[in-house]
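Produce the entire structure from the sequences given, and follow the hints as far as they go.
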Amino acid sequence: MTRIYSFHGGIHPPENKRQSLGAPIRQAPLPARLILPLQQHIGKAATPLVEVGDQVLKGQKIAEPTGHVSAAIHAPSSGIISYIGLQPVPHASGLESPCIVIETDGQEQWCELHPIENYRDLDKKELLKHIRDAGITGLGGAGFPTDIKLNLSKDHIVNTLIINAAECEPYITADDALMRERPNDILTGVEIIAHLLQPSKILIGIEDNKPNAIKALRDAIRERNLPIELVVVPTRYPSGGEKQLIQLLTSIEVPSGSIPADVGIVCQNVGTAAAIYRAVIHGEPLISRIVTLTGFALGHRQNYEALIGTPFSVLLEAADVDRSKMFRLVMGGPMMGISIEDDRIPLIKTTNCIIAATQEEMPPAPPAQPCIRCGMCEQVCPATLLPQQLYWFAKGREFEKARHHNLFDCIECGACAYVCPSNIPLVQHYRFAKSEIRNEEAEQLKAAQARERFEARQARLVREELEKEQRRKERAEAAAREQARKKAEADSVSSDTPDPEAELKKLKSAASIARTKLKKASEALKNAEEKGLDGTEKLKETVAQLEEKAAAAENAWQQATGAEQ
Amino acid sequence: MTIILTAILILLSLAVVFGVILGFAAVRFKVEGDPIVDQIDGLLPQTQCGQCGYPGCRPYAEAISNGDAINKCPPGGQSTIEALADLLDREVVPLDAEHGEEKPKMVAYIREDECIGCTKCIQACPVDAILGAAKQMHTVIVSECTGCDLCVEPCPVDCIDMIPVPVTPSNWKWPAPVSDPNLIWTDRGRGHLLQEGSE
Chain A
1 MTRIYSFHGG IHPPENKRQS LGAPIRQAPL PARLILPLQQ HIGKAATPLV
51 EVGDQVLKGQ KIAEPTGHVS AAIHAPSSGI ISYIGLQPVP HASGLESPCI
101 VIETDGQEQW CELHPIENYR DLDKKELLKH IRDAGITGLG GAGFPTDIKL
151 NLSKDHIVNT LIINAAECEP YITADDALMR ERPNDILTGV EIIAHLLQPS
201 KILIGIEDNK PNAIKALRDA IRERNLPIEL VVVPTRYPSG GEKQLIQLLT
251 SIEVPSGSIP ADVGIVCQNV GTAAAIYRAV IHGEPLISRI VTLTGFALGH
301 RQNYEALIGT PFSVLLEAAD VDRSKMFRLV MGGPMMGISI EDDRIPLIKT
351 TNCIIAATQE EMPPAPPAQP CIRCGMCEQV CPATLLPQQL YWFAKGREFE
401 KARHHNLFDC IECGACAYVC PSNIPLVQHY RFAKSEIRNE EAEQLKAAQA
451 RERFEARQAR LVREELEKEQ RRKERAEAAA REQARKKAEA DSVSSDTPDP
501 EAELKKLKSA ASIARTKLKK ASEALKNAEE KGLDGTEKLK ETVAQLEEKA
551 AAAENAWQQA TGAEQ
Chain B
1 MTIILTAILI LLSLAVVFGV ILGFAAVRFK VEGDPIVDQI DGLLPQTQCG
51 QCGYPGCRPY AEAISNGDAI NKCPPGGQST IEALADLLDR EVVPLDAEHG
101 EEKPKMVAYI REDECIGCTK CIQACPVDAI LGAAKQMHTV IVSECTGCDL
151 CVEPCPVDCI DMIPVPVTPS NWKWPAPVSD PNLIWTDRGR GHLLQEGSE
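So the sequences go chain by chain: A and B.
Mapping of the first sequence onto the numbering used here: residues 1 to 565, in sequence order.
Mapping of the second sequence onto the numbering used here: residues 1 to 199, in sequence order.
These are computed hints drawn from the structure, not numbers from a lab.
Some hints here could point you the wrong way.
Restraint-style ranges between C-beta atoms, simulated for each label pair [as the list claims (entries may be wrong)]: (1) B:Pro-55 - A:Pro-255: 45 to 51 Å; (2) A:Gln-444 - B:Pro-55: 30 to 36 Å; (3) B:Lys-120 - A:Val-462: 19 to 25 Å; (4) B:Pro-59 - A:Glu-469: 21 to 27 Å; (5) B:Glu-98 - A:Leu-386: 55 to 61 Å; (6) A:Phe-408 - B:Glu-91: 21 to 27 Å; (7) B:Ile-163 - A:Gln-444: 53 to 59 Å.
A short list of chain A residues far from chain B (calculated; beta carbon distances all over 10 Å) [stated by the list, open to error]: (8) Val-89; (9) Leu-95; (10) Val-254; (11) Ile-259; (12) Arg-344.
Idealized CB from N, CA, C, for every residue including glycine.
This is how it looks when you write it as C-alpha cells:
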C-alpha cells in the first residue's frame, strides 16, 4: 500500500457533487450547428483543412496541428462546412476567435476509421502519430496536447505514471461518472500510456468522496490483474492539481519552473486515458467529451456526453434550464471557472462543467474590504506562496517583485480568495499581474526583435552606401583610364608617319581647291579685261600665281596617285 | 627634516606604485562601449520612430546618458519614464507633450488596392517591415511593425492607415479588479460634499 503524503494548505469547500450524480451519463442532442474553435488547447491554433461548402463526415480531420505544440480538430458529426471565421468562444475575455462551423445533416455518417487491434506490435512512433492525429489534448482542464506529454525525449526517464482521478473541484463529476460507467475504457487507456512511457510504477490518485468510482476501478483492476495501484487520498481542494497530486502520492515537490517530467513523473487525466483508448482501439478521434451540467437553474442536473462544438444553449435546453432562475452561467468549477455572458459559445475539449447557478447558489461577490493581514491565505495556499504579499505587489503594480515572489507558481486555485475574510478577489489580482507581466515580456521580445531589425537595416544601408561609393570610384577610375588611353592614342597618331590614304585625299582636295580658285580668278580677270577696269595687272599676277599653285597641287596629286598605283 | 623627507618620499613612491596599478587596470579591464547606454536602450521601446528628436532609440539612449530628459518617448509612455527614472535615479516626470502623447499600440495598414508601388514607405520603414517592389503592391508585415508612423507621411497617395492592434483572446489582458469606491455608506456622495465645502 502506497503511503499517502500531504501538501501544504488546501480547503474544504461544500462539494455539491451529489446533485449531478443521480442519473447516468446521458447523450446530449445533436445540435443543428457545431462550432469548433481552432484554438481549444495550449499552443498554436490549428490550421483548417476544409473550405466553406465542403461536405464532411463524422470523425474527419478538419484542421491540422500548426507546429509542434498544437492539436488536430475533427468533425464531431457529418454535415456541411457553413462558415469559417470569428465566433464567440469560451474564453475569459468574451472575445471572438476563428472557428469552423458545421451545419449537421443528422446522418451521423462516420468516415473511415483506423482502429489498431494490437498496439503493442506497432512502432511507438506510429502509435504516437496515431494519438496526435486523433487530436487528443488533456481533458482535465489545461488542454495540453497529449502526444507531447507521451513523447518525452531520451533525457526524461519516467519512473512514475500518475493518473489523475482526484476531481477535487466542487460541482464537477464528469470524471466520477466516467469512472463509474467505463472503468475498462480508462484502464485500457492507461495500459496504452504505460506501453508508451514504460514507467516502473502506475498510480491512480482518487479522492475518497467517490466510493462508487473507487469500487468500479478497483474491481476492474482486480479482474484484469493489472499492475496499477489505486491510491485513495483524503478529500481536500485542490488535491487534483497536478503538482499537488504528485506531492500527495510521491512526496516529490515539482520545482518551480519545471514540469513533472523533469522529476520523472507524468500525470494524465482519466478522461484523457479514456480518449486514448477510443482513439487507439476504436480509431475514433476526440470528438466528444463528458460534461457535467449542474446548478439549481437546471431541471436535469447530470453528466452528458456531448459533441465538441455543441453550443452551451443547446446543452442548457437539453438539461431543461429555467432562465428566469439562472443568475450566473459558469464554465468550469466554482473555484477556477469563468463566468460566461453569451451562451452561444461552444463546448470545447477542456470544458468539464457548466454551472447554471441561481442567485442563492452563487450570489454576487460582496465588496472587497481592506486586507487585515490575517495570514489565512498563506495557510491555505497549496503552492506555499505568500498570497498577501502577491496581492500588495499586484495592486501596487510592482510586478517585478511579484515575479520574485514566484507569482507564476500560483495555480489560480482560488483557495486564498475562498478563505479571505475581507472578500478580496485575490485570484483576479494575480491573473491581472500575470497577464501584465506576460504582456511586458512579449513587448520586450518585440522590442529586441525591432532593435535587431533596425540595426540590420542600418548596417545594410551603410554597406549599400559603401558599395555605391566603391562603384562610383571604380567608374571614375575606368573613365580616367579610358581618357588616358585616348590621349595616348592621339599622341601616337601625330608622331607617326602620315597615313598615305589620308594624305592622298588631302592632296586631291588641295588640287581641286586650287583648280577652283584658279578658275574663279581667271573668270574675274576676264570680266575685268572686258570691262576695262583697273588693277588687271594685279589680277593677272594672282592668276599666274594660282596657275602655278594649281599646277603644283595637280602635280603632287598625280605623283601620289602614280606612286600609289 | 629627514622625517618629513622620508614621509614625502614614501608617499611619492606609494603614489607611483598605485598610479602604475591603476594605469594598468585601466588598460587591462577596459570596458568596450558604454554599458549604461545599452541599459537605457534596453528600456526604450525600439519603435525607432524619432519622435524624441533623435534618429532612433539608440541615439536617444546616448543622449539620455549624456543628460538629456527622460520624458521624450511617447511610445514608451509613463512606464518607460518610470523604468528610466529607476535606472538612472532621476525624478519621475510626466511625458513631454511636445514630442507627442501616449497612444495605444498601433500597426500600419496599407490599403492595397490604392497602393501605386512607389516604394517610398519601404524606404521610410526603420525595421524593414514593409514588403514590396517598384510598381508592385506593398504590404505590412504585421508582426514586425512597431507602429512608428514613419511610413504614413511619405505615402504620395495616403493609402496607409495606422490602426490599433486588435485585441484577440491570445493578447487579451485580464483587467485589474476594481473595488467599489463607495464601500461604506458614509462614503456615498462624500466627495461631492467635500467639493462643495472647499468652494
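Hints, one by one, checked against the model:
no. : hint                              : verdict
1   : B:Pro-55 - A:Pro-255: 45 to 51 Å  : 47 Å, holds
2   : A:Gln-444 - B:Pro-55: 30 to 36 Å  : 22 Å, violated
3   : B:Lys-120 - A:Val-462: 19 to 25 Å : 21 Å, holds
4   : B:Pro-59 - A:Glu-469: 21 to 27 Å  : 23 Å, holds
5   : B:Glu-98 - A:Leu-386: 55 to 61 Å  : 44 Å, violated
6   : A:Phe-408 - B:Glu-91: 21 to 27 Å  : 33 Å, violated
7   : B:Ile-163 - A:Gln-444: 53 to 59 Å : 23 Å, violated
8   : Val-89                            : 7 Å, violated
9   : Leu-95                            : 5 Å, violated
10  : Val-254                           : 25 Å, holds
11  : Ile-259                           : 22 Å, holds
12  : Arg-344                           : 16 Å, holds
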